[in-house]
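Reconstruct the complex from the two isolated chains, following the hints.
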Amino acid sequence: MTTTESDVTVTKVEPAAPEPPRAKREGGVLNAFSHGILIIWAVMVVTPLLWAVMTSFKDDRSIFSSPWALPDKLHFDNWSRAWTQANMSDYFLNTILVVGGSLIGTLVLGSMAAYVLARFDFPGNRFIYYLFIGGMSFPIMLALVPLFYVVNNMGLLNTIHGLILVYIAYSLPFTVFFLTAFFRTLPTSVAEAAFVDGASHTRTFFQIMLPMAKPGLISVGIFNFLGQWNQYMLPTVLNTDPDKHVLTQGLVQLAVSQGYKGDWSGLFAGLVMAMLPVLAAYIVFQRQVVAGLTAGALK
Amino acid sequence: MQHGKYRFIVGFLALPLGLYALFVVWPFVQSIYYSFTDWTGLSPEFKMVGLDNYRRMIHDDIFWKSLQHSLMFAVVLPLVTISLALFFAFMINVGGRRRRGGPVVSGVRGSSFYKIVYFFPQVLSIAIVSLLFAFAYNPDSGAINSLLRGIGLDGLQPLWLGDPSLALWCVMAVLVWSTVGFFVVLFSAGMASIPTDLYEAALLDGAGRATTFFRLTLPLLWDTVQSGWVYMGILALGAESFAVVQIMTTGPGGPDYSTTVLVLYVYQKAFRDGQAAYATTIGVALLVVTLAFAAVVMRLGRRERLEY
Numbered sequence: 391m392t393t394t395e396s397d398v399t400v401t402k403v404e405p406a407a408p409e410p411p412r413a414k415r416e417g418g419v420l421n422a423f424s425h426g427i428l429i430i431w432a433v434m435v436v437t438p439l440l441w442a443v444m445t446s447f448k449d450d451r452s453i454f455s456s457p458w459a460l461p462d463k464l465h466f467d468n469w470s471r472a473w474t475q476a477n478m479s480d481y482f483l484n485t486i487l488v489v490g491g492s493l494i495g496t497l498v499l500g501s502m503a504a505y506v507l508a509r510f511d512f513p514g515n516r517f518i519y520y521l522f523i524g525g526m527s528f529p530i531m532l533a534l535v536p537l538f539y540v541v542n543n544m545g546l547l548n549t550i551h552g553l554i555l556v557y558i559a560y561s562l563p564f565t566v567f568f569l570t571a572f573f574r575t576l577p578t579s580v581a582e583a584a585f586v587d588g589a590s591h592t593r594t595f596f597q598i599m600l601p602m603a604k605p606g607l608i609s610v611g612i613f614n615f616l617g618q619w620n621q622y623m624l625p626t627v628l629n630t631d632p633d634k635h636v637l638t639q640g641l642v643q644l645a646v647s648q649g650y651k652g653d654w655s656g657l658f659a660g661l662v663m664a665m666l667p668v669l670a671a672y673i674v675f676q677r678q679v680v681a682g683l684t685a686g687a688l689k
Numbered sequence: 046m047q048h049g050k051y052r053f054i055v056g057f058l059a060l061p062l063g064l065y066a067l068f069v070v071w072p073f074v075q076s077i078y079y080s081f082t083d084w085t086g087l088s089p090e091f092k093m094v095g096l097d098n099y100r101r102m103i104h105d106d107i108f109w110k111s112l113q114h115s116l117m118f119a120v121v122l123p124l125v126t127i128s129l130a131l132f133f134a135f136m137i138n139v140g141g142r143r144r145r146g147g148p149v150v151s152g153v154r155g156s157s158f159y160k161i162v163y164f165f166p167q168v169l170s171i172a173i174v175s176l177l178f179a180f181a182y183n184p185d186s187g188a189i190n191s192l193l194r195g196i197g198l199d200g201l202q203p204l205w206l207g208d209p210s211l212a213l214w215c216v217m218a219v220l221v222w223s224t225v226g227f228f229v230v231l232f233s234a235g236m237a238s239i240p241t242d243l244y245e246a247a248l249l250d251g252a253g254r255a256t257t258f259f260r261l262t263l264p265l266l267w268d269t270v271q272s273g274w275v276y277m278g279i280l281a282l283g284a285e286s287f288a289v290v291q292i293m294t295t296g297p298g299g300p301d302y303s304t305t306v307l308v309l310y311v312y313q314k315a316f317r318d319g320q321a322a323y324a325t326t327i328g329v330a331l332l333v334v335t336l337a338f339a340a341v342v343m344r345l346g347r348r349e350r351l352e353y
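Chains as they are written, first to last, in the numbering used here: chain A, 391 to 689; chain B, 46 to 353.
Derived by calculation from the structure, the hints in this document are not laboratory data.
It cannot be assumed that every hint is accurate.
[Claimed, not checked] Here are the simulated lysine to aspartate or glutamate pairs, EDC-like style, with alpha carbons at most 20 angstroms apart:
1) B:Lys50 x A:Asp449
2) B:Lys50 x A:Asp587
3) B:Lys110 x B:Asp318
4) B:Lys110 x B:Asp208
5) B:Lys50 x A:Glu582
6) B:Lys110 x B:Asp301
7) B:Lys92 x B:Asp318
8) A:Lys463 x A:Asp449
[To be verified] Pair by pair, the computed Cβ-Cβ distance ranges are:
9) A:Gln676 x B:Val125: 25 to 35 angstroms
10) A:Ile427 x B:Gly200: 23 to 33 angstroms
11) A:Arg593 x B:Lys92: 53 to 63 angstroms
12) A:Asp631 x B:Thr85: 20 to 30 angstroms
13) B:Arg317 x A:Ser579: 57 to 67 angstroms
14) B:Ser128 x A:Leu440: 20 to 30 angstroms
15) A:Met526 x B:Leu198: 37 to 47 angstroms
16) A:Arg593 x B:Asp318: 50 to 60 angstroms
17) A:Met526 x B:Val120: 17 to 27 angstroms
Positions of the beta carbon are idealized from the N, C-alpha and C atoms, including for glycine.
Next up, chain B with everything else stripped away, as it sits in the complex (with noise of 0.2 angstroms):
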């Protein structure tokens, strides 16, 4: 197979490679340089300036105000979806009945329907549904609050997104709201691939739902929610929370900086301030952030892999 390898692979690789280097890995090494200039992004002068850019990112408040929010949609996001999930995908896979000459674990009746209905949002756009959430908050004639005026809690009203101290956990709701069927049939998946006479076992040993699921389920899972876990936080650190907290929220970003993210924060100085160098100095905490998440979650949970 030598005949006229190298001018194939030169000749395959070329075109991909090619746009691959000039319009993803260019412009990161670009990006990089320039959060050591003055560069603005309106004009093409721009000189070096050493560090000054980092100095002013440390006296940044809202840049500390970014950091946090993304940091929580890092971890509490995927933390709340994920437990949901899982209680969800345990419940159609192995909370069924125990019925008579039935096999040993089954679904609950109706578990295709679920996992169908469960993934509906999973194939919107985030930007839709984002849409869709604003008018739901809107506080005067938003369906939550007429539902909330409706059922007779006409005392509760609250502003949703224009509440400085709820703004962010609405954004996350919805972020929830429609990723959870992801994982509930991801994990759904792996529950099938656990060999029957595990739980049947667990059984014979007189072990509970509850104790089936720390002890058997999870452990056998762990490698999925762990994978699941760094996929949806790379996700929520970039396009996710920029979508949702761009399109719902005021300011964008507000009420008073409530809601801002890193990814908002970036997107901001470039196009809105002119600052495309300072812009890209918080891009480049945002990939030091994304890479660490990353780090930190493989590290955490590596544990003996089990095999089955």
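Isolated chain A, as found in the complex (with noise of 0.2 angstroms):
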């Protein structure tokens, strides 16, 4: 947008006065382009999803014939026999068991980690911290190809355990960090106090510092959460027994044995199914899970 000196003039003197018809109507072209452009990606981000959800009711046959159209009418079997025959029902309560152990493992491991490093002074702190936080611009790959046999030789390898073990491993450094920065914003006399009357440093953690941290292990345990719940690379490589398979590689492991199956129409029905649950929970805690998500990259 050009200016010309009178406009500037005429705004400086009076703050308060109706644009120049020039500059507003100019203003109203670029507002319908704005508008216009964050439609547009609205509908492509809302699009595919729609797609996918249509496409869960049609059956086979149409889905290649016709993607666009319509399903001629609501076939719900296809739900029923992801949910039984495709295994759904055992992948979700794989997820489940990792996910909620890892979360809780996670939280409690971490909380620990990072109030130690951000209360105490000791010989090491800083060494251990950075320890911790290095493991987040470290490629994971790396590290994978000798865990795989670290995890073998435990006795781990395709058992959920050892896949919550690892799990809580790989979200320490993320979580260290977030919470080592929240324990240190958190006041000391409260602490102090517990500890004049009698507390031991364990309680006092436990009784008072916990439920203080609370707005952080809110951020922190949906961040993991999603994480966790999403992770892809880490079952692929440690978690290979089918029976023990987790909803991103069961459904990825679906899609392959499609190939010569052809129930394409209940691998539809699967993805929706693993999709929705995480969306609605993003649309009923929207503030929380955008809060607990930008927390990593906004420190």
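Quick look at the structure:
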């Protein structure tokens, strides 16, 4: 937008004056333009998702012959077939077990380490802190090659609890980083008072500090929940037993095997089944999810 | 607060640190060591071979292709994603019509709606997103080509993932699609914290929207843009590019190695070809690339920190 000298003087003298008509018209065009682009992107985001939902109700033939046509009738049997025959129920159960276990473990162990690193001065404190932080920028794949054999030697390969331990270990860098910063912001006086009253360090932590750290725990908990729920690389390497598959790898396996089984509608039902709970949870806890996920990059 | 302090510290650190050392630090150290051996991963025996793996890597064409694609992921992908996201975020937060008597800057109508919708792909697993788009890209029955046919572009029926010159762009487009929303929300939060009197001053000085963006918003948002770039680059070099390439492309990494990336090459060498030592060598290269990338972005982007 170009501005002439006179516009400047006018607005300078009278800031509250209505804008000159020329600028207003231009603003209107720009406004329509920006709105248009924003709407186009919104459509581009939503269309693939709605298309997947629609496709999950179609029969196999029409998925391929007319991808954009509405289903002739709602084939709910796709969903029940996916749930029972395509093992979606097992994948859900495995995912819930793995994510549940590792989320609790990550929060407990992460907050313990972060609290000590944030609040206590001892030799090696900085070293341990940076050891944890360093894990955030290292490519996990490099460690995965020997890790496979470490896990195998411990008899933890293809087990739910083995996967939980690995998830916790790889979630610790960000969790410790985030919670250390958080514990530093909490006032020291309350913990000191508790300590003077005879509470032990351990009791002070669990009964005073953890409840005070609740907002930070929620943010980092959501971040880890989504990361662990959507995890694909770790289970692909460490969890190759089809019975133990989690949702993401189960669906990929399903897509590969549909090449000869041909139950594409069942696969789409499975995909939508896996998408909906996360999307629903996001819409309900929208504010917390956004805060939790952006917290990492803003620090 | 000295009583029992060290016992408490050790007690609290032992478990997290032990787990981290065993599953993260130790494998990292090991893999650097293995890169100097001829370990296959299939048998426990191996011997030291010095720099043989590194020499082999320098003459490995597929390695150079993977490196090139990985660098594209780290540079082009964040560039496109962050530019789009900055544009959207500016439109959403500052692009609104100036109403008489209203605030000097305002978002477009429905700004919170856009932010919610744009963020959708971010909560979905990249594996699920990849599967969905693999279907959409299918040249015969996929949604994209049938849409093109529907609007009369019968002649325009690209093979998408089957075309070696297009496949990499198709894969990158999926990552752009799924990450833009994250940065829109991130930058929106940053823009909201810029005081309105700065915008007021810019407006009084006659600045248009483009000037406001490049002279005011972008410099004040620079720190966020920079850390966002590093954050996305590390993801794009590692886990995210692994999932999209491994799930979507033929081969995976094809056609004709046109989409292979370092992280996928490590995986294939170790778990498909039984060349664990060589895989760790490529992994070390990936580590060097990742650290160099982060260092370059932080260095190039270093500016005087603006306080406001």
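Each hint tested on the structure:
The hinted pair formed by B:Lys50 and A:Asp449 fails the criterion: a straight-line CA distance of about 66 angstroms is larger than 20 angstroms. With a C-alpha separation of about 16 angstroms, the suggested pairing of B:Lys50 with A:Asp587 holds against the 20 angstroms cut-off. For the given pair, B:Lys110 sits about 18 angstroms from B:Asp318 by alpha-carbon distance, which is consistent with the 20 angstroms threshold. For a cut-off of 20 angstroms, the pair hint linking B:Lys110 to B:Asp208 stands: about 16 angstroms separates their Cα positions.
For a cut-off of 20 angstroms, the pair hint linking B:Lys50 to A:Glu582 stands: about 13 angstroms separates their Cα positions. Of the pairs offered as hints, the one joining B:Lys110 and B:Asp301 holds, with about 11 angstroms between alpha carbons and a cut-off of 20 angstroms not exceeded. Restraint check for B:Lys92 and B:Asp318: satisfied, since their Cα atoms lie roughly 19 angstroms apart, inside the 20 angstroms limit. For the given pair, A:Lys463 sits about 9 angstroms from A:Asp449 by alpha-carbon distance, which is consistent with the 20 angstroms threshold.
Range check, A:Gln676 to B:Val125: about 26 angstroms between beta-carbon atoms, so the 25 to 35 angstroms window is met. Look at A:Ile427 against B:Gly200: about 28 angstroms separates their beta carbons, and that is inside 23 to 33 angstroms. Range check, A:Arg593 to B:Lys92: Cβ separation about 54 angstroms, and the 53 to 63 angstroms hint holds. For A:Asp631 and B:Thr85, the hinted distance range of 20 to 30 angstroms is satisfied, since their beta carbons lie about 23 angstroms from each other.
The hinted range of 57 to 67 angstroms is satisfied by B:Arg317 and A:Ser579, whose Cβ atoms lie roughly 58 angstroms apart. Hint check: B:Ser128 to A:Leu440, Cβ distance near 27 angstroms, so the stated range 20 to 30 angstroms holds. Checking the proposed 37 to 47 angstroms range against A:Met526 and B:Leu198 shows it holds: the Cβ atoms sit about 45 angstroms from each other. At roughly 54 angstroms, the beta carbons of A:Arg593 and B:Asp318 sit within the given window of 50 to 60 angstroms.
The hinted range of 17 to 27 angstroms is satisfied by A:Met526 and B:Val120, whose Cβ atoms lie roughly 20 angstroms apart.
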